[in-house]
Amino acid sequence: MLTELEIHEIKEEIKLYPYAHAACIEALKIVQHYRGWVSDESVKDIAEVLSISASEVDSIATFYSRIYRKPVARNVILVCDGMSCMVMGYQSVYEYLAKKLGIQWGESTTDGRFTLLPISCLGDCDHAPSMMINNDLFHNLSITQLEDILEKYI
Amino acid sequence: MEKPLTGHIKAEGIPLNIREYEVAGGYTGVQTVLKKMQPMDVINLIKDAGLLGRGGAGFPTGLKWSFVPTGSDVPRPVYLLCNADEMEPGSFKDRFLLEGNPHQLIAGMICAAYAIQAEKAYIFLRWAYKKAETILRKAIAEAYAEGYLGKNILGSDFSLDIYVHTSAGRYICGEETALINSLEGKRAIPRAKPPFPTTSGLFGKPTVINNVETLCWISHIIENGADWFKNLGLNGEGGTKLYGVSGRVKKPGIYELPMGTVMREILEKHAGGMTDGYNLRAVIPGGASTEFVMEKQLDVKMDFVSLKAVGSRMGTATMTVLDDKTCPVAFLHNIERFFAQESCGWCTPCREGLPRVEKMLLAIEEGNGKEEYLESLKFHTTYCGPGNTFCAHAPGAMEPLQSGLEYFHDDFMRHINEKHCPWRSND
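Sequence order for the protein chains is X and Z.
First residue of the first sequence? That's 1 in this note's numbering, and the numbers climb one at a time after it.
First residue of the second sequence? That's 1 in this note's numbering, and the numbers climb one at a time after it.
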């Protein structure tokens, strides 16, 4: 069940559009903001608030890469795998993180601390290689800095 | 040298606030437009200047605006959308403008909205641009407080609201009709054209979509005139251009230079040439969907017409340099993996063709390729090319591939014959 706050925020979004359906992506973002991801149950709940079918909501949720339909860890590491970061060696960043955390692309650490995902070009090519952790951007990466960066996230 | 777009951007600094930008003359264009010009005057001025859209396609901006219907029976509201969903691999110019000088964009948007008589504007911003989002929201609040946005701007009859909308991912949102679907809360699948957005766009209303860099020009052209703009360019196309360089060069970054500056000059003089120990093999001139430009072609002028003449495209004009220590097959695989992943899945050649291309390139890169794959890859450059797909996504993906198959044929053959990637160690 959605919280009153979530429902309130979704209804505020609906007001900005000519019809409720248009607030679907924003509704998904709101739920994900509070829960970290969007469960099957949340898809049904959002559908109810927007008065559209759950399959419609799911078709939208699964289309957008920044909506998580599976649980993620407390911190999501997004390593840019764009072509400029490839030239500048994102692979070594990934290999270091994968080994250090014992996970591969798409996996989370068992303690629920980190999820490791690739991300399309972050538009930070002049500072490649780049990555984001949650909302923070890190660039001009060398593997010697990575341990210190990870320590900021618990 | 004049740098209208980046002159007020401070290196590593915080952007000018509205008062500072006003003092610098940044909002005079808005004053001129609202007090002295008719909407059609603005459209004609931008047409005269010959401003070509900076998003990649180079469509004349004034002409696009002139397609918006006028008169008392126009469906309302009319929308202006700023495409700030920068996601073309290798492109980072809009981030630079958004973070560096948000008021330049806002002033441009007010003038553009007045020209097409739009009363609502959205900035469709890439979710990852968190810093730009914070800066934009603050700047928009300042503009409201100073009477540049909202009802009856500067005492005129004109009213405008600007909203920031952050994306939820997916490259296809940069395609203008897919962007509209996404703003409407739907899957970002491109729409059939016609009708064009200028007639029936967001929520079925007339809509103009312009790139960040394009909109940043508008106020400057109003202040300085069409001739001033034309004279900034070197080779017939007006203005300066934000050129970007990334890869193994000494000084990667954004350089604002006259439109038509020679590629070699940008790479060697401004970006400092190659990092020691690396040699240039090729350049992707304007994002992942543009054809390779080879070392022997580096004297090409960076403008829409000249790059076309050497078989490439200017695109976003943010270059990625391919060096001799990077495998061109792996590089192409990286590009095609991106396009396969970002296909919206709506039409068959794109949904089915791009993953096949990606798999064949991976097989070749890993030493499992066969010579007939090259034939099949070549077939796909037509099968997924212009005329066979619903939008420009797959044809864009085929641009680097078709040129890469030609230019790097020997490298492909070595992978196939030696059954491993020559750039990888044999451990």
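Be careful, since some hints might not be right.
No more than 20 Å apart at the CA atoms, straight line, and that leaves these computed lysine-lysine pairs for PhoX-like [stated by the list, open to error]: (1) Z:Lys186 with X:Lys11; (2) Z:Lys308 with Z:Lys325; (3) Z:Lys419 with Z:Lys359; (4) X:Lys44 with X:Lys99; (5) Z:Lys10 with Z:Lys138; (6) Z:Lys359 with Z:Lys370; (7) X:Lys44 with X:Lys29; (8) Z:Lys3 with Z:Lys251; (9) Z:Lys205 with Z:Lys325; (10) X:Lys15 with Z:Lys205; (11) X:Lys29 with Z:Lys120; (12) Z:Lys230 with Z:Lys3; (13) Z:Lys359 with X:Lys29; (14) X:Lys44 with X:Lys70; (15) Z:Lys359 with Z:Lys378; (16) Z:Lys131 with X:Lys29; (17) Z:Lys251 with Z:Lys10; (18) X:Lys15 with Z:Lys35; (19) Z:Lys205 with X:Lys152; (20) Z:Lys131 with Z:Lys10; (21) X:Lys15 with Z:Lys120; (22) Z:Lys151 with Z:Lys35; (23) Z:Lys151 with Z:Lys251; (24) Z:Lys151 with Z:Lys120; (25) Z:Lys130 with X:Lys44; (26) Z:Lys3 with Z:Lys269; (27) Z:Lys120 with Z:Lys130.
If you are wondering where the hints come from, they were derived from the structure by calculation, not from laboratory data.
Going down the list of hints, with the structure as the test:
| no. | hint | result |
| --- | --- | --- |
| 1 | Z:Lys186 with X:Lys11 | holds, 18 Å |
| 2 | Z:Lys308 with Z:Lys325 | violated, 28 Å |
| 3 | Z:Lys419 with Z:Lys359 | holds, 16 Å |
| 4 | X:Lys44 with X:Lys99 | violated, 38 Å |
| 5 | Z:Lys10 with Z:Lys138 | holds, 18 Å |
| 6 | Z:Lys359 with Z:Lys370 | holds, 12 Å |
| 7 | X:Lys44 with X:Lys29 | holds, 15 Å |
| 8 | Z:Lys3 with Z:Lys251 | holds, 19 Å |
| 9 | Z:Lys205 with Z:Lys325 | violated, 51 Å |
| 10 | X:Lys15 with Z:Lys205 | holds, 18 Å |
| 11 | X:Lys29 with Z:Lys120 | violated, 23 Å |
| 12 | Z:Lys230 with Z:Lys3 | holds, 14 Å |
| 13 | Z:Lys359 with X:Lys29 | violated, 33 Å |
| 14 | X:Lys44 with X:Lys70 | holds, 15 Å |
| 15 | Z:Lys359 with Z:Lys378 | holds, 14 Å |
| 16 | Z:Lys131 with X:Lys29 | holds, 19 Å |
| 17 | Z:Lys251 with Z:Lys10 | holds, 17 Å |
| 18 | X:Lys15 with Z:Lys35 | violated, 33 Å |
| 19 | Z:Lys205 with X:Lys152 | violated, 47 Å |
| 20 | Z:Lys131 with Z:Lys10 | holds, 15 Å |
| 21 | X:Lys15 with Z:Lys120 | holds, 15 Å |
| 22 | Z:Lys151 with Z:Lys35 | holds, 15 Å |
| 23 | Z:Lys151 with Z:Lys251 | violated, 45 Å |
| 24 | Z:Lys151 with Z:Lys120 | holds, 11 Å |
| 25 | Z:Lys130 with X:Lys44 | violated, 30 Å |
| 26 | Z:Lys3 with Z:Lys269 | holds, 17 Å |
| 27 | Z:Lys120 with Z:Lys130 | violated, 23 Å |
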